[in-house]
Amino acid sequence: MFKYFPHTADDVRQMLDVIGVGSLEELYAEVPEELKYQGALNIPSAMSEVEVRNAVRSLAADNQPVEACYAGNGAYDHYQPSVVPYIASRSEFSTSYTPYQAEISQGTLQYIFEYQTMMADLTGMDISNASMYDGSTATAEAMMMCVANAKKRNKVLISATFLPQVLDVVATYAHYHGVELIRVPEKDGVMDKQAAIALLEADDVAGLICCQHNRYGLIEDFSGLADACHAHKALLAINSVAADLAILRTPGEWGADIACGDAQSLGIPVGYGGPYIGYLCVKEALVRRMPGRLVGATTDVNGQRAFVLTLQAREQHIRREKATSNICTAQGFMCLYVAAYLSLMGEKGLREAGQLSYAGAHYLHDALIKTNIFEEAYPGQLYTNEFTLRLKDGVLAPLFIDYMLQHGILAGVAVAADQVTIAVTEKYTREDLDRYLELVAEWPEERLFFPMTQADLDEYNKEIETMTEEAHGKCAGCSCENA
Amino acid sequence: MNNKYYGKLIFEHSRQGRVGYSLPENNYPAECAMQLPEEQKRQSGTLLPETDELTVVRHYTNMSNNNFGVDTGFYPLGSCTMKYNPKINEELAQLPELNIHPQTPVDAAQGCLGIYYQTQQMLSEIAGMSEFTLNPYAGAHGELTGLMVIRRYHEHNGDGARVKVLVPDSAHGTNPASAAVCGLQVVQVKSLPDGTVDVDDLKTHLGPDVAAMMMTNPNTLGIFERRIPEIARLVHECGALMYYDGANLNPMLGVCRPGDMGFDVMHINLHKTFSTPHGGGGPGSGPVGVRKGLEDFLPSPRVIKSEYGYGLDYGKESLGSISYHLSNFAVITRAYCYLLSLGKENIPMAGKLSVLNANYIKERLKDYYQLPIDGLCKHEFVFDGLRAEYGGDHHDDGHVTTLDVAKRLLDYGFHAPTIYFPLLFHEALMIEPTETESKDTLDEFIGVMQKIAVEARDEREMVRTAPHTTPVRRLDDVKAVKEPHFTFKAFQS
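Residue numbers (the working numbering), protein chains in the order written: chain A, 317 to 799; chain B, 186 to 678.
Derived from the structure by calculation, the hints contain no laboratory data. Treat the hints with care, since some could be wrong.
Unchecked claim - Here are the simulated DSBU-like pairs of lysine-lysine, each with C-alpha atoms no more than 35 Å apart in a straight line: (1) B:674 / A:743; (2) B:490 / A:352; (3) B:501 / A:778; (4) B:624 / A:467; (5) A:319 / B:272; (6) A:638 / B:477; (7) A:319 / B:664; (8) B:490 / A:599; (9) A:352 / B:375; (10) A:468 / B:664; (11) B:477 / A:778; (12) A:549 / B:667; (13) A:549 / B:664; (14) A:319 / B:189; (15) B:667 / A:638; (16) A:599 / B:193; (17) B:226 / A:509; (18) A:352 / B:477; (19) A:778 / A:503; (20) A:319 / B:490; (21) A:743 / B:272; (22) A:503 / B:226; (23) B:388 / A:319; (24) A:743 / B:226; (25) A:352 / B:388; (26) B:388 / A:638; (27) B:490 / A:778; (28) B:226 / A:664; (29) B:272 / A:467.
Required output: the full structure, derived from the provided sequences and hints.
Now the structure itself:
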């Protein structure tokens with residue numbers, strides 16, 4: 317028969333006899349004939365393992381080979397210790413179900429408890445949940461927590477310096493959840509703090525959501541914001557790139573009530589966008605408003621310490637429409653990646669990786685400025701491992717990306733007509749960066765043959781902006797019934 | 186699984202001065218060294234452990250030995266479709282060529298986009314829908330996305346006053362919770378004694394304020410809703426859409442397609458029907474399919490195919506984005522491999538054999554456990570606890586509960602069924618075997634379930650204090666709430 321179906325013809329006959337029907341088709345006797353599918357499905361015929369392997373390898377070969385990845389924008393190509401995927405290949409973990417039967421799920425429960433401990437500690441908060449889908453939905457859940465906490469307020473402020481992808485997702489959730497999302501404008505590449513504080517004055521805002529490592533790679537300063545929020549009974553949520561938190565002031569230290577973001581940067585491959593792992597951490601007072609699963613410690617009847625899913629009264633399978641969120645299955649298994657990664661790296665390794673990434677980024681940044689092909693886009697602002705440059709002489713950023721890609725290097729992300737955002741991690745050495753710089757030096761003069769005028773660039777950027785505005789959900793300044 | 190409890194936390198292995206990593210030497214010029222303003226620096230140390238590599242490997246390996254998975258044993262877990270996770274899928278999902286950055290220009294990502302597009306196409310064919318998005322991260326995320334499609338559709342028609350979602354009282358908890366997140370009001374529809382939708386009750390709720398009806402078919406009790414064409418007609422006549430919760434799609438594969446039953450929008454759980462590992466709570470994948478005419482409302486970006494190859498589309502009518510990029514790509518690759526392996530010949534067999542397995546267990550256990558709804562089931566069925574003669578009489582204070590039976594099963598090396606769901610019964614014990622389990626495994630499970638019934642009658646106290654041989658014994662859930670410890674730090678203090 318088939319390798320995933322263990323039934324012999326004899327088994328099927330015996331089982332049908334026990335049930336008292338004559339054939340497999342008779343098991344569907346109550347399904348009306350007119351609903352039954354009569355045709356043959358228009359999908360490929362069954363393939364042997366050799367054929368499946370060849371088919372997928374052949375498709376994978378349609379991806380352009382990339383030797384080095386300097387794209388960031390929320391996903392970073394960090395070094396992954398060999399132990400992490402090795403441990404993650406243990407199928408006792410990967411093929412298990414949600415640990416409702418705690419007595420036979422201590423492995424899963426323990427690594428989630430370790431993950432929760434590590435994330436709460438890294439973010440400087442009290443409690444972490446057992447993961448969200450990704451950094452963008454974690455930020456959307458933070459928004460919904462702000463509204464649920466304020467009860468009668470439905471306005472939430474969000475910094476315009478978030479990655480457009482994250483703004484899109486939060487705006488979509490806001491629109492359908494009936495939240496009025498107000499963008500705090502940017503100034504010199506970072507959130508305009510004075511504008512945020514002015515918006516809080518109206519005393520009708522449930523929360524302010526900021527990003528520490530923003531869309532341009534710039535590191536933002538939140539001094540004074542927690543006090544301003546709390547004076548107006550609003551919550552402060554800070555989104556950070558998890559790997560930054562060993563070196564940067566933590567959301568907890570900034571006085572945030574909620575920390576959210578993506579922990580992909582802690583041992584998870586770029587993997588064409590997933591699986592990653594969203595994290596959500598809170599101060600203790602907010603724990604009962606927290607969405608998602610939570611593991612706690614307890615004891616068994618013999619007094620043995622053990623771990624269990626807890627505070628389930630917040631969740632959908634108990635509370636149904638009154639639950640804190642609809643989330644159930646999130647990215648649980650990715651907690652294992654993060655826990656194993658942080659166990660190996662420790663504080664020292666994480667800081668060292670951060671320092672290498674910082675030094676590499678600054679080395680590349682300074683050298684690129686010296687080529688005279690690029691100029692600073694946001695001069696004087698602080699960054700760690702990611703920065704944004706403007707191409708001079710009316711050269712389009714996608715041209716640069718395409719040129720470098722022909723040489724097997726994903727040089728960054730074209731974030732605007734003439735701007736490119738570049739990220740460096742500890743995975744790439746000074747020699748790798750020198751190769752990058754050599755290629756830039758060899759970039760043929762043809763790039764200068766058809767320069768774009770400022771008007772061209774503005775139009776191009778406007779087009780991108782309109783496209784993203786449309787994709788930003790319908791609340792970006794819209795007048796829907798929720799607003 | 187190893188029954189000896191390991192139980193240590195990595196923090197308890199930490200010794201100052203140990204390292205578990207190695208990084209290249211920092212040979213950058215001195216002027217590149219980190220300089221941060223004092224107020225931007227982390228002010229505190231961390232709790233992260235200091236451990237060597239072997240300690241970390243042994244720690245997690247020992248933990249894995251206390252864990253139950255599909256690879257170690259049978260999961261008769263109702264509504265969860267815990268089928269075998271093929272290993273070729275694991276191998277191919279980890280191909281280095283597929284590990285590219287999400288912001289790679291589409292021309293350089295044609296392989297990844299091809300896997301996406303072809304998976305979308307195959308799911309559309311299997312489900313009888315026009316187009317799928319693979320962007321939702323999990324089943325509940327798919328439900329939310331599907332409801333957003335429905336709201337977007339009504340908004341587009343200037344019909345934004347449709348704010349109610351009808352949900353049968355037997356539905357999964359995620360259905361009402363997803364509706365609430367989507368800003369919709371939930372109205373429960375009653376069930377008949379046989380567990381199917383009470384069409385007369387449904388009629389009383391239909392009106393111009395209804396956005397959609399959410400259903401599974403077969404329903405949560407494993408019963409096929411025979412009146413589905415009539416339900417779909419009534420819902421459509423009132424201007425609302427039909428939503429199919431794909432949690433129970435497995436038995437219908439190749440037999441009866443949701444699109445042909447009259448559903449407009451649906452989601453699929455790839456970790457159920459299409460064999461991707463559950464991971465102990467994700468990463469999942471909850472693709473959403475729509476019938477013709479609703480494609481433009483799907484979330485951005487949509488993976489499309491044109492004369493230039495595969496591309497990404499951000500349409501004006503889209504409901505917006507719901508994911509950072511294109512969701513859990515590696516999960517989708519696994520489902521793609523599964524679809525290629527099964528092909529059109531084996532996909533219908535998966536459904537039929539899952540139904541065969543479920544009915545076989547039901548018939549062989551119904552003399553021991555209370556079967557509230559007789560007759561053919563589909564992929565799963567529900568017992569309402571032990572029969573009275575085996576100690577399951579609710580009026581008896583010392584009766585053996587479904588929880589006791591579930592815990593006793595763990596002693597015999599089986600996972601427990603889903604318990605206390607659906608809420609229609611006091612002692613629900615919901616069993617779904619899936620097609621990948623052999624008759625031998627089912628016979629062994631049936632033997633153990635019969636033995637537990639006899640134990641419940643003759644050795645009650647032993648069953649009521651189970652499990653006895655698992656790594657840890659029954660846990661104190663109340664203590665976990667009353668004396669909360671969510672981190673190692675809290676545990677120490």
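Structure-based check of all given hints:
For the hint linking residue 674 of chain B to residue 743 of chain A, the alpha-carbon distance of about 32 Å falls within 35 Å, and the restraint holds. Using a Cα cut-off of 35 Å, the hinted pair residue 490 of chain B and residue 352 of chain A holds, with the two alpha carbons roughly 31 Å apart. Taken as a hint, the residue 501 of chain B and residue 778 of chain A pair is honoured in the structure, with Cα atoms around 16 Å apart against an allowance of 35 Å. Distance hint between residue 624 of chain B and residue 467 of chain A is unfulfilled; the C-alpha atoms sit about 55 Å from each other, more than 35 Å.
Note on residue 319 of chain A and residue 272 of chain B: the hinted pairing holds, with a Cα-Cα distance of about 12 Å set against a maximum of 35 Å. Simply put, residue 638 of chain A and residue 477 of chain B have alpha-carbon atoms about 33 Å apart, close enough for the 35 Å limit, and the pair holds. A hinted pair counts as satisfied when its Cα atoms are at most 35 Å apart, and residue 319 of chain A with residue 664 of chain B does not qualify at roughly 46 Å. Our distance criterion of 35 Å between C-alpha atoms is broken by residue 490 of chain B and residue 599 of chain A, whose separation comes to about 46 Å.
A C-alpha spacing of about 27 Å is found between residue 352 of chain A and residue 375 of chain B, which places the hinted pair at or below 35 Å, so the restraint holds. Between residue 468 of chain A and residue 664 of chain B, the direct Cα distance comes to roughly 34 Å. Compliance with the 35 Å bound is thereby established for this hinted pair. At most 35 Å may separate the alpha-carbon atoms for a hinted pair to count; residue 477 of chain B and residue 778 of chain A meet this at roughly 32 Å. Of the pairs offered as hints, the one joining residue 549 of chain A and residue 667 of chain B holds, with about 29 Å between alpha carbons and a cut-off of 35 Å not exceeded.
Distance hint between residue 549 of chain A and residue 664 of chain B is fulfilled; the C-alpha atoms sit about 33 Å from each other, no more than 35 Å. Restraint check for residue 319 of chain A and residue 189 of chain B: the C-alpha separation of about 34 Å stays at or below 35 Å, so the hint holds. A distance of roughly 22 Å separates the Cα atoms of residue 667 of chain B and residue 638 of chain A; the hinted pair therefore holds under the 35 Å criterion. With a CA separation close to 26 Å, the supplied pair residue 599 of chain A and residue 193 of chain B stays within the 35 Å bound.
In summary, the hint linking residue 226 of chain B to residue 509 of chain A is supported, as the alpha carbons are separated by about 20 Å, within the 35 Å threshold. For the suggested pair residue 352 of chain A and residue 477 of chain B, the alpha carbons sit about 20 Å apart, so the restraint of at most 35 Å is met. Note on residue 778 of chain A and residue 503 of chain A: the hinted pairing holds, with a Cα-Cα distance of about 18 Å set against a maximum of 35 Å. Among the hinted pairs, residue 319 of chain A with residue 490 of chain B is consistent with the structure: their alpha-carbon atoms are about 33 Å apart, no more than 35 Å.
In summary, the hint linking residue 743 of chain A to residue 272 of chain B is supported, as the alpha carbons are separated by about 29 Å, within the 35 Å threshold. Proximity of residue 503 of chain A to residue 226 of chain B is assessed by CA-CA distance (about 23 Å); at most 35 Å being required, the pair is judged to hold. With a CA separation close to 47 Å, the supplied pair residue 388 of chain B and residue 319 of chain A exceeds the 35 Å bound. For the suggested pair residue 743 of chain A and residue 226 of chain B, the alpha carbons sit about 23 Å apart, so the restraint of at most 35 Å is met.
Taking the CA atoms of residue 352 of chain A and residue 388 of chain B, the gap is about 26 Å. The hint holds against a cut of 35 Å. Of the supplied pair hints, the one linking residue 388 of chain B and residue 638 of chain A holds, its CA atoms being roughly 25 Å apart against a limit of 35 Å. Restraint check: the Cα-Cα separation between residue 490 of chain B and residue 778 of chain A comes to about 26 Å, which is no more than 35 Å; the hinted pair holds. Proposed proximity of residue 226 of chain B and residue 664 of chain A is supported: the alpha carbons are some 15 Å apart, at most 35 Å.
Between residue 272 of chain B and residue 467 of chain A, the direct Cα distance comes to roughly 48 Å. Violation of the 35 Å bound is thereby established for this hinted pair.
The structure does not agree with the numbered hints 4, 7, 8, 23, 29 stated previously, though it agrees with the rest.
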